[in-house]
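Protein chains in written order, with our numbering: chain A, 1 to 296; chain B, 1 to 296; chain C, 1 to 296; chain D, 1 to 296.
Keep in mind that a hint or two might mislead.
Residues of chain C placed beyond 12 Å of chain A at every Cβ, according to the derived structure [to be verified]:
id : residue
1  : R9
2  : C20
3  : H27
4  : L30
5  : Q31
6  : F49
7  : V51
8  : P71
9  : N76
10 : F78
11 : F88
12 : G246
13 : P260
14 : N261
Listed next, the stretches of chain D that the computed footprint assigns to chain C, with coverage defined by at least 3 CB atoms under 8 Å from CB atoms of chain C [claimed, not checked]:
id : region
15 : 58 to 64
16 : 91 to 102
Derived by calculation from the structure, the hints in this document are not laboratory data.
C-beta: ideal position from N, C-alpha, C; glycine also.
Number of protein chains: 4
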Amino acid sequence: MGFELSEDRVAADNDGRLECLQDDYDHLGLQLARRNVDIEALTSRAAAFRVAVPSWGVGTGGTRFARFPGPGEPRNVFEKLEDCEVVFKLVRSTPGISLHIPWDRPQNSPVLRMFAESRGLFIESMNSNTFQDQPGQPLSYKYGSLTHVDQAVRRQAIEQNLECLQLGLSLGARYHTVWIGDGGNFPGQLHFRRALDRYLDSLRAIYQKLPAGWRLFLEHKPYEPAFYSTVLGDWGTSYYCARELGERAFSLVDLGHHVPNTNVEQIVARLIHLGKLGGFHFTTVNSETTTLTRDR
Amino acid sequence: MGFELSEDRVAADNDGRLECLQDDYDHLGLQLARRNVDIEALTSRAAAFRVAVPSWGVGTGGTRFARFPGPGEPRNVFEKLEDCEVVFKLVRSTPGISLHIPWDRPQNSPVLRMFAESRGLFIESMNSNTFQDQPGQPLSYKYGSLTHVDQAVRRQAIEQNLECLQLGLSLGARYHTVWIGDGGNFPGQLHFRRALDRYLDSLRAIYQKLPAGWRLFLEHKPYEPAFYSTVLGDWGTSYYCARELGERAFSLVDLGHHVPNTNVEQIVARLIHLGKLGGFHFTTVNSETTTLTRDR
Amino acid sequence: MGFELSEDRVAADNDGRLECLQDDYDHLGLQLARRNVDIEALTSRAAAFRVAVPSWGVGTGGTRFARFPGPGEPRNVFEKLEDCEVVFKLVRSTPGISLHIPWDRPQNSPVLRMFAESRGLFIESMNSNTFQDQPGQPLSYKYGSLTHVDQAVRRQAIEQNLECLQLGLSLGARYHTVWIGDGGNFPGQLHFRRALDRYLDSLRAIYQKLPAGWRLFLEHKPYEPAFYSTVLGDWGTSYYCARELGERAFSLVDLGHHVPNTNVEQIVARLIHLGKLGGFHFTTVNSETTTLTRDR
Amino acid sequence: MGFELSEDRVAADNDGRLECLQDDYDHLGLQLARRNVDIEALTSRAAAFRVAVPSWGVGTGGTRFARFPGPGEPRNVFEKLEDCEVVFKLVRSTPGISLHIPWDRPQNSPVLRMFAESRGLFIESMNSNTFQDQPGQPLSYKYGSLTHVDQAVRRQAIEQNLECLQLGLSLGARYHTVWIGDGGNFPGQLHFRRALDRYLDSLRAIYQKLPAGWRLFLEHKPYEPAFYSTVLGDWGTSYYCARELGERAFSLVDLGHHVPNTNVEQIVARLIHLGKLGGFHFTTVNSETTTLTRDR
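Chain A on its own, in the form it takes in the complex (with noise of 0.2 Å):
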């Protein structure tokens, strides 16, 4: 069930703040001026900052022991919305939606596109999840989807990846984000080189229909729910796959996504040097989990 949020009480709440927000704002531009640096042009650009919100987002993650759901999530790709509309409200910088298929496959694409428009959202990105099992679908991505030994499973994985082009040129995104679950639990299970080439072949499969003016974004991560390899495991590799793909391919950095250690800041700076940086996923834990139990 969604949250209504009206304006005025937004504005309530912040009116009784104004006044210290404002001595702050004022203290930090002296501030800032001792330096010689212009605080309205910082504000400029942070004002300028946009993130997408992805729609799983509005609802309770989960870890493999146990996912508790609080009162009102979300039940459908209308409720997230609404849900995101909230966020916005609360922090302006958030219009942008990302949308994950088949969790948000709409029933009537222009109805949920003016569902999003009316309240000042508009869909982003799309993302296509081939790590999980739908009821009904036909093959199991039990042991991979784009890398799948079986041209079969990877056929069934592009063709939901290309579903998600088709949805979102009629829902007005311009990106689409691949991040797959592949890999293997065991040496020997997989073969690096072999998985690496079925990747490839599936990605220019997708790569090909891209709508025009879109991006396309790889998402590397080194391990889960893959416990051994991952098929694009770092930064590397989905640089080289970038590149092969061609100019509207770019490697995105989610910046939880490394082995203990790494210098993340590094990579950007990388792929930044290489053209080739596409974005960022920002990993957090569900705030939500933790609002109600301070212990102090």
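Given the structure of chain A, go ahead and fit chains B, C and D onto it with the hints provided.
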């Protein structure tokens, strides 16, 4: 559905391999004899090795992303025991079973015990799962169980442990293992010291009711499901608690539950040194996950 | 060669910044007051903070690859103290000095003590360096010091610690810190339990001679210089030893001496809980290393 | 001082073990035959394996804490080669030598080459050590070598590499390996992208002078001596640079130079896939360090 494995079938399969095995055994005997090691003495020790099978181990595990169950998964504790019997017939060193409550709660303990014993199995240890909510559970473990800030939740978790002891008594068990998911996802969420005090209080209530001849095992884990801190996060805390509780409380070492680069074997030596090594959990990836995907 | 820093020069430099500092302090006071926090109370606590400077800290550190000393490096303990005086004049919270023996062994303790005290400094703690061989040293520490399998080597290392206590008494110190490099580079090299027994035996001999009013600090470290295992490798072992030794023995936590992903702040909380937190070492990279190379 | 090892002594020692070896070999042959594997084919491949010994490998390594040299350490490049000869006589697979300049700079290359060849050895690869300052060196590598912000320092480091190529030509080498210690100890110290640009500029100058038939190896390392970032920190950067330089430039993988939990074997597979695997460095702890301390 349980899988019937006849001893004849095992024997027939073994027969075909016996000659090679005997040949390899003889040669290994010669190699050891060169170093003045008696192979028969080693064989006796190996043959005496016993490990209890966790009842959940015959199901398909998963990750937070997905679970891909296979055909023939056990649907209840009886079918789990049938599958454990297959394991036992194959490896011969696993007559003991480690039961998890409430997952495996029997409606009639004597029936379950007889069911196990008629298959050459016995219930060896009990485990209290307070890291999930069960349907109809009065209070949620979302924010902790044995260390929850609310005494009523702690009381419920303690009762669940005491139920394990009662059930275990009627089933012939001798060990009780406590692993909790309690912890915090962010700095400041948990008061480290108070949480440990509550843990010890709860454990004392359980230890007090430990049946004669039983041992209590405390299992530590540094992460998962809690992302930032866990109440019983390392062997040092586990040892301290086991010592506080009394001579029948011991630390249990899961070989996988440590931060990267930890020298786990040294921890084992320390606990032996301190007389507090209770046993091991062997963390493995479900081998079933990988049997069908060889790709060479 | 010591560097002369006049208080006038410091005062003159401070003068130019005082107005801004006062302005920022006032504004921070306002911000804290909004949260009902009294800035003066916090300032008093911050002003009371003291940290001892290790005598080696005023030299240039290095790695196993190279050491790149700068001009004006102190050549002896007196020049080290002159440099510590500069640090003290600048930061005001470091009157104490932590001496390392044999590096800083004085020929005449009263002279050194007076040299320090005339500069507003005092010798606070002693450290026994038994991880290196000194020219002319009868027995080598190559394979261990306080835990060496050869009793004669252990005896030599104990004597070196007792010398620290004697020197410290004459210098006015009150703490003695023991960190050893003892450990093993390969599985099987060290008998984990016997090595710990020898450690405790050696420490008992030192603890027995601890001067009245002193505290003994045990510092743990999981790696380096030993690659595979160290005798005092984690807080659990350190706590056990401190408890065995007696009420004047404590664990010292070097914030950098832990395996990746360790929750160090929780370890600190545990040691506070157990009444065994002796203090901290703050691991830093020698800032001098980096001051000249800014490249933006 | 070199250690003389007669072939007779080796043969005599082998003689006493030959019978057991033959017996074990025969039995292993039987075991492999059961799996349709021809032991002689495997033996041929194993016998063809060659690894070059680094000239520094016959000395005693150390840590930043101490170096504990043993008796008989080689004092110059000739004594190092004598020791390498002993290694070669024992293991038979190490005729090649990897020389480090300036450590092993010969005064007369033909004499050194003849000295090696008369012992069945040959100089296989060169290495440029620009991570230390040598006495009398005009410019310091304290803040970098091939990537230093000062062009004069880069020029000096390039010249040192070109000297390696010249020396290597006269010594009969065919490979040149570049590993640099350049990096930063703090965020902000190094401009990630500009440092990489300077690295590539320097490497291009070296690659341009690479003698006909040679290969250039780039060795990456994520930490040490730099604590925060290194210019060539991972395989992704190494691959990019090798590709930029040309078809005779390759990535060299030191099996130990990766952050914890890295899947190094997958990196090797990637570089094979991309045609850029130059070779390996096998990181080991100097076994000499541990031979005397067995304690069981």
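Here's how the hints hold up against the structure:
no., hint, result
1, R9, "22 Å, holds"
2, C20, "6 Å, violated"
3, H27, "4 Å, violated"
4, L30, "7 Å, violated"
5, Q31, "7 Å, violated"
6, F49, "22 Å, holds"
7, V51, "27 Å, holds"
8, P71, "31 Å, holds"
9, N76, "38 Å, holds"
10, F78, "40 Å, holds"
11, F88, "28 Å, holds"
12, G246, "33 Å, holds"
13, P260, "4 Å, violated"
14, N261, "6 Å, violated"
15, 58 to 64, "holds (count 4)"
16, 91 to 102, "violated (count 0)"
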